[in-house]
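Chains as they are written, first to last, in the working numbering: chain A, 1 to 111; chain B, 1001 to 1482; chain C, 2001 to 2102; chain D, 3001 to 3316.
The set of hints was computed from the structure by calculation and includes no laboratory data.
No experiment lies behind these values; they were computed from the predicted model shown.
Note that beta-carbon positions come from the ideal geometry of N, C-alpha and C, so glycine has one too.
Take the hints with a grain of salt, since some may be wrong.
[What the hints assert, rightly or not] Away from chain B, derived, C-beta distances all over 12 Å, residues of chain D:
# : residue
1 : P3076
2 : T3118
3 : I3141
4 : L3152
5 : V3156
6 : Y3272
[Unchecked claim] Derived lysine-lysine pairs resembling BS3-like cross-links, with alpha carbons at most 27 Å apart:
#  : chain 1 : residue 1 : chain 2 : residue 2
7  : A       : K66       : A       : K41
8  : D       : K3245     : B       : K1105
9  : D       : K3028     : A       : K41
10 : B       : K1437     : B       : K1427
11 : D       : K3028     : B       : K1102
12 : B       : K1356     : B       : K1407
13 : B       : K1151     : B       : K1105
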Amino acid sequence: MTAVMVAQSILLITGALFFCIGSLGLLRFPDTYSRIHALTKADNLGLGLIVLALILNVDSFALALKLLLIWALVMLASALSGHLVAWQANNLSLAVRQPNESEQQVSSAHE
Amino acid sequence: MMGVAISMPVILPLLGAIISLLLPARYNNRIAFIFMLGLVVNAAWLLMHFSAQGPYQQVMGGWTLPLGIALRIDALAIIFSMMSCVVASVCGFYARFYLRAKQLKQFWPFFWFLLTALNTIWLSADLFNLYVGLELLTFSAVGLVALGQNKHALAAALRYLFAALLGSMGYLLGIALLYAQFGTLSLSQLSDAFSLTTTSAVALGFMFIGLMMKTAVFPLHTWLPPAHGGSLTPVSALLSALVIKASFYILLRLWMALPFGENAFVIGSLMGTLGGTAIIWGSWMALNQTQLKQIVAYSTLAQIGYFMLIFPLFSYSDPTANQYALHGGVLMLLSHALAKAGMFLAAGNLLICTNKTDLTSLAGLSRYRPLNIFAFGLAGVSIMGLPPSGGFNGKWLLVQSALMQSKWVWLIIILLGSLLSAAYIFKVFSYTYLETKAGDKFEQPSAMLEWSALSLSVLSILLGFFSVWVLDLLTLAEMRMP
Amino acid sequence: MNSYLIFSYAGVALCGIGVFGFIFHSHLIKRLIAFNILSNGVFLILVGLAQNAQKQPDHLPQALVLTGIVVAVAATALALVLIKQWYAISQQTTLPEDQEHQ
Amino acid sequence: MNELIDLALIAILLFMALFSVLSAVLFKAIIFFILLGLMLAIIWIRLDAPDIALAEAAIGAGITGILFLNAQAQLPPQHTQAYTVSMCKQSRFWFALIASLSTMIVLTLAVNQPLNPTISINQPIIEQLNASGVEHPITAILLNYRSFDTLLEIAVLVQVAVIALSLRQHEHIKIHSPTLPNPLLHACLTLFLPMLFLVSMYLLWAGASQPGGAFQAGSVLAAAFILFYLAGFNTPINNHELYLKFGWVFGLSVFLMVGILTLFTGDALLAYPLEFAGVSIFFIEFAVTLSIGWILFSLFVLSQNISLSNVKENNE
Chain A
1 MTAVMVAQSI LLITGALFFC IGSLGLLRFP DTYSRIHALT KADNLGLGLI VLALILNVDS
61 FALALKLLLI WALVMLASAL SGHLVAWQAN NLSLAVRQPN ESEQQVSSAH E
Chain B
1001 MMGVAISMPV ILPLLGAIIS LLLPARYNNR IAFIFMLGLV VNAAWLLMHF SAQGPYQQVM
1061 GGWTLPLGIA LRIDALAIIF SMMSCVVASV CGFYARFYLR AKQLKQFWPF FWFLLTALNT
1121 IWLSADLFNL YVGLELLTFS AVGLVALGQN KHALAAALRY LFAALLGSMG YLLGIALLYA
1181 QFGTLSLSQL SDAFSLTTTS AVALGFMFIG LMMKTAVFPL HTWLPPAHGG SLTPVSALLS
1241 ALVIKASFYI LLRLWMALPF GENAFVIGSL MGTLGGTAII WGSWMALNQT QLKQIVAYST
1301 LAQIGYFMLI FPLFSYSDPT ANQYALHGGV LMLLSHALAK AGMFLAAGNL LICTNKTDLT
1361 SLAGLSRYRP LNIFAFGLAG VSIMGLPPSG GFNGKWLLVQ SALMQSKWVW LIIILLGSLL
1421 SAAYIFKVFS YTYLETKAGD KFEQPSAMLE WSALSLSVLS ILLGFFSVWV LDLLTLAEMR
1481 MP
Chain C
2001 MNSYLIFSYA GVALCGIGVF GFIFHSHLIK RLIAFNILSN GVFLILVGLA QNAQKQPDHL
2061 PQALVLTGIV VAVAATALAL VLIKQWYAIS QQTTLPEDQE HQ
Chain D
3001 MNELIDLALI AILLFMALFS VLSAVLFKAI IFFILLGLML AIIWIRLDAP DIALAEAAIG
3061 AGITGILFLN AQAQLPPQHT QAYTVSMCKQ SRFWFALIAS LSTMIVLTLA VNQPLNPTIS
3121 INQPIIEQLN ASGVEHPITA ILLNYRSFDT LLEIAVLVQV AVIALSLRQH EHIKIHSPTL
3181 PNPLLHACLT LFLPMLFLVS MYLLWAGASQ PGGAFQAGSV LAAAFILFYL AGFNTPINNH
3241 ELYLKFGWVF GLSVFLMVGI LTLFTGDALL AYPLEFAGVS IFFIEFAVTL SIGWILFSLF
3301 VLSQNISLSN VKENNE
């Protein structure tokens, strides 16, 4: 187990952990806005760690650049789609809900 | 030179489709005339080359066989491509006068893609190429059915599309298993290397079910009556006469190319029972239909039953009976194509006369519009199989083959089927003989429509006189050689 | 090498699920999804079985599957256009004969 | 270790398929179907088929997913009835179950037979590769050995596009484009579109020597067009039918012209002369890529929501 292997496995595990946290956020958060927040932030960081782990044992420099390009593109795409979903949700005037409020309270408070 | 001739049947309609899409609508008729003429001339040239030098096979792209796709010319391919040329040109001519300008503009691209697919299927000797040809055929047929733009046409098109997709998936599954077992896709190599193991048996099972679904054989036929009955007249003529024959043609190719040996009897009699029930059930349903076009559509179901009867009559022990069965089947296919197209066009003319779809409105028609009824009658003669027509020769050969092998069940079914088909055709006639006091209040379809319907019916009768030419073609090339 | 065979079995399972969905669903788009699953299953069998028999990655079935995927997309697009036109005319998402026991 | 990964992949795949078929809500079924497509892309990598993985991800999951979502958006929101309970009572359920189980049993019987094919097409493919004008075997098969198949397949695509157009014929093509005037999206377009075109052309060029080719490049091109259309820009396609038809037929006619040219030089259809093989293949592939991108895009546009008012009930 060389040092690089250890570093790689740590990075991969933490990356996967971030993905799990992201999807956990998706399940737990009450409304769309916070869910988008959870997904875009956690998953990007998770992907960054995994890409870092892959770069450690990649042989050619070009391949490393390609991996970084993938990461940059995913970040751009998720930021854009996150914004679009939030923008569309705002158009449909979806309410911002507190964690313990149920659906009816929000609609009554909203009128 | 032969390379050009063998690929023209596919290239010409494809060029026709491209040009009819690009040029404005007014050039469509000229394009149709030129390309149809080219197709007929090419078919005649292939016929002469075939009768001179026998079957010819050429691999596309100049590669060796397992790599490239082989197109071949043999008796069956020539007969079927000439049949599709004749029927398609008459249906195109009929559509030119029958359809409104807007519909006609959409009709031509589908017509040319349909012809491309048909000629590919007649000529190709490669399993996967047949699959792509079948898909192209299905989509152009669905496009033609959906041309009606009304509720029934769309429902029929959807039902037809889903049934055909399931059928071609079964066929593709068969290809997957056969390729895994034998490692080749070309039909000729497959017939040399073929041996009936469980994998190839399952493969052929799926292929036959898929192809039977696309040919609307008895249990899998529910999509056909609304599709053929509900669509525009030239479309239902094209569908009934040509489209269902393409998947049956592949079934026949597989049956003749692959040596089944002793269990050919089991598979053949299974398919024969399906065919027999199709004849009885189809004729029975046609008998108690009230709509004219539905009667003709259900009679197509019955006639498909006759084609399926070829398989049980095949026998390896008695070569002459085997030859009779094949010749009878091919003649039945040919005469049905001509007669059914003529019958659908004549039924379309009758609808124009009465512009009501049910039978009771036909009263007094034979007095005032004898030509249309005559065309319908001639086509009916060939469907029933009365002596002068091609249908009779086909049935006669099938009966001979059944007698030779003393297979009484199929004999009885053939005769019973002819009786039932006579019943529902005379039923239509009985309505036209009723006198009406109202006199001649029927519209007059344009002469072109009447004569094109009559020409197809007369052709199916003439086939009876000149069927010896067709049979020479079949005997010329020893059928076993691909 | 027998990993190819495992994927052929996965293809068989996909075919089973596809056939079930195709026959069971009367909603046209769900039936179309089942058809796509069935075609993916058939492609898996085609490549998996051929490569298992040839004992090496075989290029011909892969080219066939490429053509098959494009034809499947064409079929899906055609079916979707027809379904939308059918819905526009009849306000139904199922064929007339499937409606009664909805 | 390898078997474990394969089994895990297959388990996820089958779960996706089951959820996709059994879910009551149509939207959920489509999402699971798209996930199924992505899982399948990974499985094609495991099956040493990178070309299919690329095509499955781009066409199978991408374009098909977009078409399904587009269709689902225009159908009525589904009433989610209690699906599982009423499901078993329907006779259809048992009939479907029996049919699927019998197909599976018959197929497993057929699949676990020891197969030893006598003919192997792999050797001739590799040996005659240098005569085919390209280095990548899959592209050689698709555009040289079995180019007749590909010609027909592009005809199938054009055919479907013509049907989509003819179904919209009775109301002129005035399709209102979706309004998504989001400033950020427009800004990102200037970044995404050139990159998508670059990726598409790279895929096309790389097809000669590594996995890639006309179909994958065409679907990436279609994605670029759809993105441009969804951002609310009204492309000229909306009001002129000839643009549509010319774009569709361009690839098919170039393919056919080259085929006919070779017919008169060589003796068989589509037999490219040896020294021009590479060039003619690339020329065909370029035209086909543009056509496929255009066809898939116009299939998306032509199936935009059909305004119910002008669909008249006209019977023949």
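Results for each hint:
no. : hint              : result
1   : P3076             : holds, 18 Å
2   : T3118             : violated, 6 Å
3   : I3141             : violated, 8 Å
4   : L3152             : violated, 5 Å
5   : V3156             : violated, 5 Å
6   : Y3272             : violated, 8 Å
7   : A:K66 x A:K41     : holds, 22 Å
8   : D:K3245 x B:K1105 : holds, 13 Å
9   : D:K3028 x A:K41   : holds, 24 Å
10  : B:K1437 x B:K1427 : holds, 21 Å
11  : D:K3028 x B:K1102 : violated, 40 Å
12  : B:K1356 x B:K1407 : violated, 45 Å
13  : B:K1151 x B:K1105 : holds, 21 Å
In this structure, the earlier hints numbered 2, 3, 4, 5, 6, 11, 12 are contradicted, and the remaining ones agree with it.
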